[in-house]
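*Asks:* Spelled out from the first residue to the last, the chains are:
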Amino acid sequence: MRLEAENAQVELGGRDALKGVSADFRTGALTGVIGANGAGKTTLLRALAGLAPLKGGRIMLDGEPIDAFDRRETARRVGYLAQKQEPAFPFRADETVMMGRYPHQGRLAPETEADREAVAAALRDVDAEDLAGRAINELSGGELQRVLIARTLAAQTPVLLLDEPFANLDVRHCLDILAILRAQASGGRTVVVSAHDLNLAHRFCDELLLLHEGEVLVSGNPRSVLRPEFIEQAFGVRAHILPVNGGEERHFILRAPEEEE
Amino acid sequence: MRKYALMAGLFAAALLLAALSVRLGVADIDSGKILKVILSELGIISTEGMGVSAHERAIVWHIRLPRTLTGAFVGASLALSGVMLQGLFRNPMASPAVVGVSTGGALGATSAIALGLGAASIWAVPMSAFAGALVTVLLVSLVASHKGHTPLGALILCGMAMNAIAGALTTLVLSYSVSDFEIARQILFWLMGSLTNRTWEHVILIAPFFAASGAAAAFFGRELNLMMSGGEAAMALGVNTARTKAWVLVIAAAAAGAAVAVAGVVGFVGLLVPHIVRMLAGPDHRRLLPLSMTAGAVFVMGMDLLARVLSPAGEVRLGVLSASIGGPFFLYLIVQNRARAESF
Chain A
1 MRLEAENAQV ELGGRDALKG VSADFRTGAL TGVIGANGAG KTTLLRALAG LAPLKGGRIM
61 LDGEPIDAFD RRETARRVGY LAQKQEPAFP FRADETVMMG RYPHQGRLAP ETEADREAVA
121 AALRDVDAED LAGRAINELS GGELQRVLIA RTLAAQTPVL LLDEPFANLD VRHCLDILAI
181 LRAQASGGRT VVVSAHDLNL AHRFCDELLL LHEGEVLVSG NPRSVLRPEF IEQAFGVRAH
241 ILPVNGGEER HFILRAPEEE E
Chain B
1 MRKYALMAGL FAAALLLAAL SVRLGVADID SGKILKVILS ELGIISTEGM GVSAHERAIV
61 WHIRLPRTLT GAFVGASLAL SGVMLQGLFR NPMASPAVVG VSTGGALGAT SAIALGLGAA
121 SIWAVPMSAF AGALVTVLLV SLVASHKGHT PLGALILCGM AMNAIAGALT TLVLSYSVSD
181 FEIARQILFW LMGSLTNRTW EHVILIAPFF AASGAAAAFF GRELNLMMSG GEAAMALGVN
241 TARTKAWVLV IAAAAAGAAV AVAGVVGFVG LLVPHIVRML AGPDHRRLLP LSMTAGAVFV
301 MGMDLLARVL SPAGEVRLGV LSASIGGPFF LYLIVQNRAR AESF
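So the sequence lines, in the order shown, correspond to chains A and B.
The opening position of the first sequence corresponds to residue 1 in our numbering, with each subsequent residue numbered one higher.
The opening position of the second sequence corresponds to residue 1 in our numbering, with each subsequent residue numbered one higher.
In isolation and in its complexed conformation, chain B is listed as follows (with noise of 0.2 Å):
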């Protein structure tokens, strides 16, 4: 039962935070319009003459809607890139940011902007924040093989090192472009991680990928099971190890790649939600997906929600604000959970 209870729990809480995403914001919309401009634009219901503005419709459609659902996605891709990580790696410490995802996507997009190419196409930035994301990966997984063996701890400190690249290069685009006001700024912005303007581009372009990543994590929870067990005794039991480490690695990237790519550096998500679920729901992998992505979608929602409500003007920004009460929060749970501390 109990079991169950969680995951009813936690999409219980989804619903109910991407409907008050929906609702709340500094135009007072009812539920009932909202509703009547979701069913017509769906094409259920038609609301000529129902009293709803056109300025209301395009609230409720091309903004807050959006902003919604991007922020559902990028919260369940990094949790899902993070537990697979953290899985794979048999580490707690692992997160998208360990092996690249976050300063690679970083660098794309940042390299994107400063060359101008964010005014060409609303897709230019995302797209180079992916491939940035994606690229980096690849080399940090191509440096660390060796012989067709890609030993753990070697791709952790190629991940560093590629993140002391990256973001060295990020730093560099950035300084060159201090001069240009409009382009430091946004880069920055960038940086800082958002949901604010998010428009039904971004959730198309996210969603494919988180529902690809979801699909194929799913093929892989008993594997990562197994491969908590030592690579050794994973091979022994039947897994085949190198294909298994090349999916996770795979999948794990494209999700939290795309993530990066619409929402910007969103820390902390894909290190503390798998973290906290799996405190909460044990170390099976069948259980932790699901639940790890469901509660991703539930924090960066609710993060996203608290960052509108304090600062209706966007100051406070949603990277900002999953670091800042997410870090503390963790610090908690760890103090809380020292006796089982070994326990990951």
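Just chain A, with the same shape it has in the complex (with noise of 0.2 Å):
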């Protein structure tokens, strides 16, 4: 499904937290959102789920306005998991990636086969089977992020956007995401995440989208984006290129202007 967002602005408590951004999601590409701090990277997001109400400009879902939808067919087109924390009550893990399947549910309609398939695909695809039964009041942050993962791959929606899913996941979690999110968007979706990590986004994003203080800087391939007069205009740090692998794969090392004076 193709996601676009055209001019798109949003005003957050008297601030224009972003000033007009126009992006193009690619069907089938995992773009990467990237930026300093208070760049935008959220309010993106939350608008391209149709949660953040715009004050100007559209967001289009293949050609058609967000704001067309309404919650439920939004919700069963659009996947959106928030960086927000969110309370934990004693739902147990499956109860809770269950709830991920809601825009596809009736009313008083039991649960169907197909959910509870969508819900067993979502969790071994997070790796996080033999969780299932546990309350996710007890999981650690790193095996409660993986579930939340699983309630939005539940839903099996043709856009999924994660704010920062990788806050509180330790490295090899990281990885295993990735490659999840990589495997979604082979498949056919369309998957943009926000990060910090610039060598990650690098090696596994198809896209990045560059943003700061609200707008886009510039957007493109990752070798195109990730130039160090970018870096350096959007994150205020310098940045030396290391290549690895023969020049295959590449590591960024960041330094404070200070530092290297």
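Hints were generated in silico from the structure; no laboratory data involved.
All values reported here derive from a predicted model rather than from experimental measurement.
Accuracy of the hints is not assured; some may be wrong.
Here are a few chain A residues that sit away from chain B, every Cβ distance over 10 Å (derived from the structure) [to be verified]:
| id | residue |
| --- | --- |
| 1 | 36 |
| 2 | 51 |
| 3 | 62 |
| 4 | 86 |
| 5 | 95 |
| 6 | 124 |
| 7 | 141 |
| 8 | 216 |
| 9 | 233 |
| 10 | 245 |
| 11 | 254 |
Estimated spans, in silico, between C-beta atoms of each pair [what the hints assert, rightly or not]:
| id | chain 1 | residue 1 | chain 2 | residue 2 | range |
| --- | --- | --- | --- | --- | --- |
| 12 | A | 106 | B | 55 | 52 to 60 Å |
| 13 | B | 157 | A | 206 | 41 to 49 Å |
| 14 | B | 165 | A | 84 | 31 to 39 Å |
| 15 | A | 56 | B | 279 | 47 to 55 Å |
| 16 | B | 157 | A | 251 | 36 to 44 Å |
| 17 | B | 250 | A | 60 | 33 to 41 Å |
| 18 | B | 246 | A | 11 | 45 to 53 Å |
Which stretches of chain B does chain A cover? Using the computed rule of at least three CB atoms under 8 Å from a CB of chain A, they are [stated by the list, open to error]:
| id | region |
| --- | --- |
| 19 | 82-88 |
| 20 | 230-236 |
Where is the CB? At the ideal position from N, CA and C, for every residue including glycine.
Bring the two chains, given one by one in their own frames, into a single complex with the hints.
*Replies:* Printed below as a string of structure tokens:
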């Protein structure tokens, strides 16, 4: 499903959090949204999910404005996982993942075979089958995060938006989640992830969107976006690029300018 | 299996307490006669020549049965209201009292009694209480809403403010009425909460509200579960949170408003019962709703029965007993569950 932002503007607490962002998120691609704190990453993802009211511009889903859909219809098309920690009540992990099926379920209808299969597949995808019967308030931060990602996957939406899904994950699970998201993109979904780690963003994303003060500074393939001049402008740091594997991969060393003088 | 055991146990307890409540009292009327009265009133049998006196018939049909049914509906309605509000606010402190139902209802009833409307019609006081409860909740949600959003924190604060205002006005009405002993007495008794002298009119008043709110609540089990993940998460998962909030408030206010209208202020049921059921049955509202309603009926019928046994003349009132027994039991549960306190 094609996801587009057309000159999207969002005001947050009297401040322009997004000052007209236009972007085209390709079907089958994993797009990374990067930028400094306050650059507008979270606001952009919330706007793309139809959760942040726009002051101007539009968000389009396959050519239709997202506000033409009600919440249920939107949730059948766009899966969104916030960065903000959710309160955890003693629901079991599999019950939590089943909540992702909500937009597909009838009001009083019981859970269907398709629901149960989607939940099992989602738990398998995030390597959390062994957590299924446990209460989510007793899980570690990383375990809970995997369950919540499974909940997002269980909705089987053509668009997936995840805001900093790595926040509570150790390196291994971080790489695993990225591999899952990669696989979801290869399977034909439109996947958008906001991220802080430039090395990971460079390695895993097909496209990058670099935000700076509520505007797109540059977008395109990771090599063209992660250039030292853009990194310095967006983050205020100096970037040194180390070629790894004979130039196949790159590693970024980032230093504060004061450090260098 | 355990899933159904709790429901079955509570339901059996409700039936047993209802039977005891109709059976026990100053006049000793045996079960056979009670059954005959009920069956004949329902038009199934004729009691002519069966040895049931008109006096006994009146006690069973016009005193004990309506009192028992009113108690069951009051308990179930208050618990329903409480469990929905606790889910909506994601807060174990929420109860019908928090959004102003009790104080608003009290102000409505007190004003009606003070104006002498009680003598005009048996409906006057309950209807004024109901109106007071609904108007207060409406005001609370209007004041707390801004641009179509109703932040839950603002709702609680507005509820507190409205409680203070309605409480002060009730006191004012009461102090103006003190010179008229009979009116002051009626107001005080109403504020104490009781099921004494409840008639079929009270049953007829609360039954449709209970049935409607119970049926409507059934549609919001999944939404309430999702709302517990937070408003934005629920929206992202497809819940129309504004509509859900509005419905839950209306349902909770109607159920608790009707309960306050027929029984006066019966504190603690709406807080205590859902809390205990949550501890026993977990957080899933699709189970919590029916379980809480049944447990609420059990609790209020049980407390009313105990009140009658302790003081046949009615000095120990339902409202007093439910708070003085419910309170310590609640504290005991909190101490028992301290380790899991954060799990709500």
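*Asks:* Now look at each hint and say whether the structure bears it out.
*Replies:* Against the structure, the hints:
Every CB of chain B is more than 10 Å from the CB of residue 36/A (nearest about 23 Å), matching its label as outside the interface. In this structure residue 51/A is not separated from chain B by more than 10 Å, as the shortest Cβ-Cβ distance comes to only about 6 Å. At roughly 18 Å, the least C-beta separation between residue 62/A and chain B is larger than 10 Å, which holds for a residue marked as non-interface. Taking the minimum C-beta to C-beta distance to chain B, about 5 Å, the non-interface status of residue 86/A is violated against the 10 Å cut.
Some Cβ of chain B comes within 10 Å of the Cβ of residue 95/A; the nearest lies about 7 Å off, and the non-interface call is violated. The beta carbon of residue 124/A sits about 20 Å from the closest Cβ of chain B, which is more than 10 Å, so the claim that it is off the interface holds. Distance to chain B confirms residue 141/A as a non-interface residue, since its nearest Cβ pair spans about 15 Å, more than 10 Å. With a cut of 10 Å on Cβ distances, residue 216/A stays outside the contact zone with chain B, its closest approach being about 24 Å.
Taking the minimum C-beta to C-beta distance to chain B, about 31 Å, the non-interface status of residue 233/A holds against the 10 Å cut. A cut-off of 10 Å between C-beta atoms confirms that residue 245/A is not in contact with chain B; the least separation is 38 Å. With 10 Å as the threshold on Cβ separation, the claim that residue 254/A sits away from chain B holds: the shortest Cβ distance comes to roughly 32 Å. Remark: the range hint 52 to 60 Å for residue 106/A to residue 55/B is upheld by a beta-carbon distance near 54 Å.
Distance hint for residue 157/B and residue 206/A: a CB-CB separation of about 48 Å, consistent with the stated range 41 to 49 Å. Checking the proposed 31 to 39 Å range against residue 165/B and residue 84/A shows it holds: the Cβ atoms sit about 35 Å from each other. Between residue 56/A and residue 279/B the beta carbon distance is about 50 Å. The supplied range of 47 to 55 Å therefore holds. As the Cβ distance of residue 157/B to residue 251/A is approximately 52 Å, the hint placing it in 36 to 44 Å is violated.
For residue 250/B and residue 60/A, the hinted distance range of 33 to 41 Å is satisfied, since their beta carbons lie about 36 Å from each other. The given range of 45 to 53 Å is broken by residue 246/B and residue 11/A, whose C-beta atoms sit roughly 25 Å from each other. Counting residues of the region 82-88 of chain B whose beta-carbon sits less than 8 Å from any beta-carbon of chain A gives 0, not enough to reach three: the coverage restraint is violated. For the region 230-236 of chain B, the proposed coverage by chain A is satisfied: 5 residues have a C-beta within less than 8 Å of a C-beta in that chain, meeting the threshold of three.
Hint compliance for this structure: hints 2, 4, 5, 16, 18 and 19 are broken, all remaining hints hold.
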